[in-house]
Amino acid sequence: MDKSTVESAGTPAPRDLAIELIGIDKRFGPVHANKNIDLAVERGTIHGIIGENGAGKSTLMSILYGFYHADSGEIRVGGRPVHIADSQAAIAAGIGMVHQHFMLVHNFTVLENIMLGAEDGAILNRGVARARAELQRLEKEYALEVDPDAVIEELPVGLQQRVEILKALYRGADILILDEPTGVLTPAEADHLFRILAQLKQQGKTVIFITHKLREIMAITDTVSVMRRGEMVATRRTADTNVEELAELMVGRRVLLRVEKGRSHPGAVKLSVRGLSVRDSRGVKMVDNVSFEVRAGEIVGIAGVAGNGQSQLLEAIAGIRPAESGEVFLDGRPVAVTGYADPALLRRLGLAHVPEDRHHMGLVLPFEENENAILGYHGGSEYVSGPFLDIDAIRADARAKIDKYDIRPPDCRLRTANFSGGNQQKIVLAREMERDPIVLIIGQPTRGVDVGAIEFIHRRIIEMRDAGKAILLVSVELDEIRSLSDRILVMFAGRVVGERGPEASEGELGLLMAGIEGERAVAARPEAVS
Amino acid sequence: MDTILQLLDLSVRSAVPLLLAALAGLYSERSGVFDIGLEGKMLAAAFFAAAAAAVTGSAWLGLLAGIGASVVLALVHGFASITNRGNQIVSGVAINFIAAGLTALLGNSWFSQGGRTPQLFAGQRFNPIDLPLADTLASVPLVGQFYSQVVSGHNLIAYVAFLMVPFTWWVLFRTRFGLRLRAVGENPAAVDTAGISVTWARYRAVIVCGVLCGFAGAYLSIGLQAGYVKDMTAGRGFIALAALIFAKWRPVAVMWACLLFGFLGAIEIRYQGVALPMVGVLPVQLVQALPYILTVVLLAGFIGRAIPPRAGGIPYVKER
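First to last, the sequence lines map onto chains A and B. So the first sequence is numbered by our numbering: it starts at 340 and just counts up by one. So the second sequence is numbered by our numbering: it starts at 3 and just counts up by one.
Here chain A stands alone, though its shape is the one from the complex:
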């Protein structure tokens, strides 16, 4: 790894440290999750830990919270070495944790959840009274209002998270670890959380904030540590750094925020959609008389706010959801999309599909990587010998794809569920792209994918275009659509309400996506969009 980005975790100046991790090392079988990690967190600060998915942030915090044990290394709390054997020990040391997936009992009340594990005696009466009083005090002190008698599953996610924070404070936590706390929150709820954290800091609490979102780091942290592939690569004062530097530290090289690509050279029409209408499972018309064409060697991007029919459009073209009416031509041949559609036939004809939801449609998570690498193509002659699967050929094929797509860890026998989101997406992309399709349709190529993988995936998509594939791209990330597409179609309420070139401004597309320019655009739409 490149040494220039490595910096020692701290200067020897005397500081009041809440937490000090020295040489923490942890392996899970073949996966080296934490490599000799040093970390120093100052008391009364908000310390961010940023890194891509799978960089080892959550593992490190789970070790600090006693959920896992480090293979080696030392933990110091308030300057004193402590042995954290389990979560009880972490709690006793004043460490509280808000997990990414809340550790709440869904049908218990707020009060019961807060008391669990800190009941204060075998019979609850006394504990209940104390918890209620303490809860009121905490609510006042930190502006964390929540009804103690509400049942968890009836609370919105933001309030459930508040209960998690209260749980930690009730146990006397001075150091609060939050693991990807904003992933489940709406922007408004996230802003509220940030206010709460600022309040906690004011009261002298130390907050460790784990995220992979740069914006959040810049917004609330005092100090930020960057992890990459199990290593701690840098610690910076947030005020002394910027988004570009952090992004570079995270992935280890400069991220191309704008994908570099040459001019497109569109050839013959490879995918032609005419008058396609699709209803969803509730019978609501989601795609309404949509027509467009995609030529060889170009990327057509479909922009739109999620839920305006893009998903159903993709599914209908892929043969997964029967269309109500319309025609689809693949390389000039009509293919059935109404009534009974046959995704397997479409694949044989040269259509490759990267589905929007890789967990639901793209992968079987409990399978080994090599099994997913051929899923859907497993009947192909190169993977079978007689009536049996040719395991050696399949694994060799999987290893080749792992190399080419830089899938980590490079282990084709690993359960797919154990790969990070970005690597799982690469497994799907490798499978679909390596079939050398004529038409490639891709839904949300980088949803839940970390920065480094995004760049890689974007480059691969451009390469496919330059190799003469016709590519239909659906994404709710407007940046992604704008940087990849040669032409942009905007969908609103099931219809294509406009077509723009890649130079279209964000504002212009935004108006179309919001349906404001839409009506005029539809009226003025030229008959043949190409």
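These aren't lab readings, by the way, just hints derived from the structure by calculation. Computed from a prediction, not measured in an experiment: that's the story for all the values here. Where hints are given, some of them may not hold.
What the hints assert, rightly or not - Derived coverage of chain A by chain B (criterion: at least 3 residues anywhere in the stretch with Cβ under 8 Å from a Cβ of chain B; other residues may be distant): (1) 426 to 435; (2) 447 to 457.
Said to hold, decoys possible - Rough simulated footprint, nothing fancy, chain A against chain B, three-plus residues with beta-carbon under 8 Å: (3) 180 to 187; (4) 190 to 200.
To be verified - To give an idea of the interface, some chain B residues facing chain A are shown, with a C-beta separation under 8 Å as derived from the structure: (5) Arg176; (6) Thr177; (7) Arg312; (8) Lys320.
Idealized CB from N, CA, C, for every residue including glycine.
Based on the hints, put chain B in the right spot on chain A.
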């Protein structure tokens, strides 16, 4: 009037083993360990209680032996499903088979009476207890008659069973043990991150289950009957499970469900072969199937969805 009271009295007798077994299942399943081995534990307890009572001459030692046997089987279930994270259904089925085979084998080799244990005398069993004033109040219409005929005159284990209902409610909802027990059955990860051992909490629940199944088995062989007869539980463990689901894993509702099934059992005994007007003689099989039919029908249509503890049946493994 007497007929009705007799029928009710019989209902209570039939309900007691169901109630004990269902409460046993309640502890185990609320902690996330499904248990279809209630039947087997009860059977083993019935056998060992009767055997120990016959050999030692003491009902109390019999009860202890029954509880001991049942707890051992409960620990086997716990070891398989908690420690080794095995499938809880398979483990439960195995326990039922072990109990059926073991009691037959040991019964034959120890007593040579075709699987029976020797007939027990009054001092070797739990005898009916007349509650205070039962005789005096017998002449008071309704309330007094009900008291002396239905409430009074059961053995000690029966009273223990009914006292267990409010006690179980209290344990579950008013003690630390109960709070943790319910929590491990719903979201063991929440308990683990609170620094409490999921394994130990589940083992304790399974042990309580064993103790109560021991009472249930002992009630049959050294309370209701005077000795062990081969396969004497006759599916009561499964009816108890039905009652538990029917009652949605709630203690007081479990009592009512068991009384209802006990009532059906009483009808089965009382009206076997009796011709009813318009209908004629009901087939025994139909009457025996009633509790199950009732469970299916009521669950399907009237009670609504019975939602089991969320983590039920799933061995707890830390992520990764």
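Tested hints:
no., hint, result
1, 426 to 435, "holds (count 5)"
2, 447 to 457, "holds (count 7)"
3, 180 to 187, "holds (count 4)"
4, 190 to 200, "holds (count 8)"
5, Arg176, "holds (5 Å)"
6, Thr177, "holds (6 Å)"
7, Arg312, "holds (7 Å)"
8, Lys320, "holds (7 Å)"
In terms of the numbered hints stated before, the structure departs from none.
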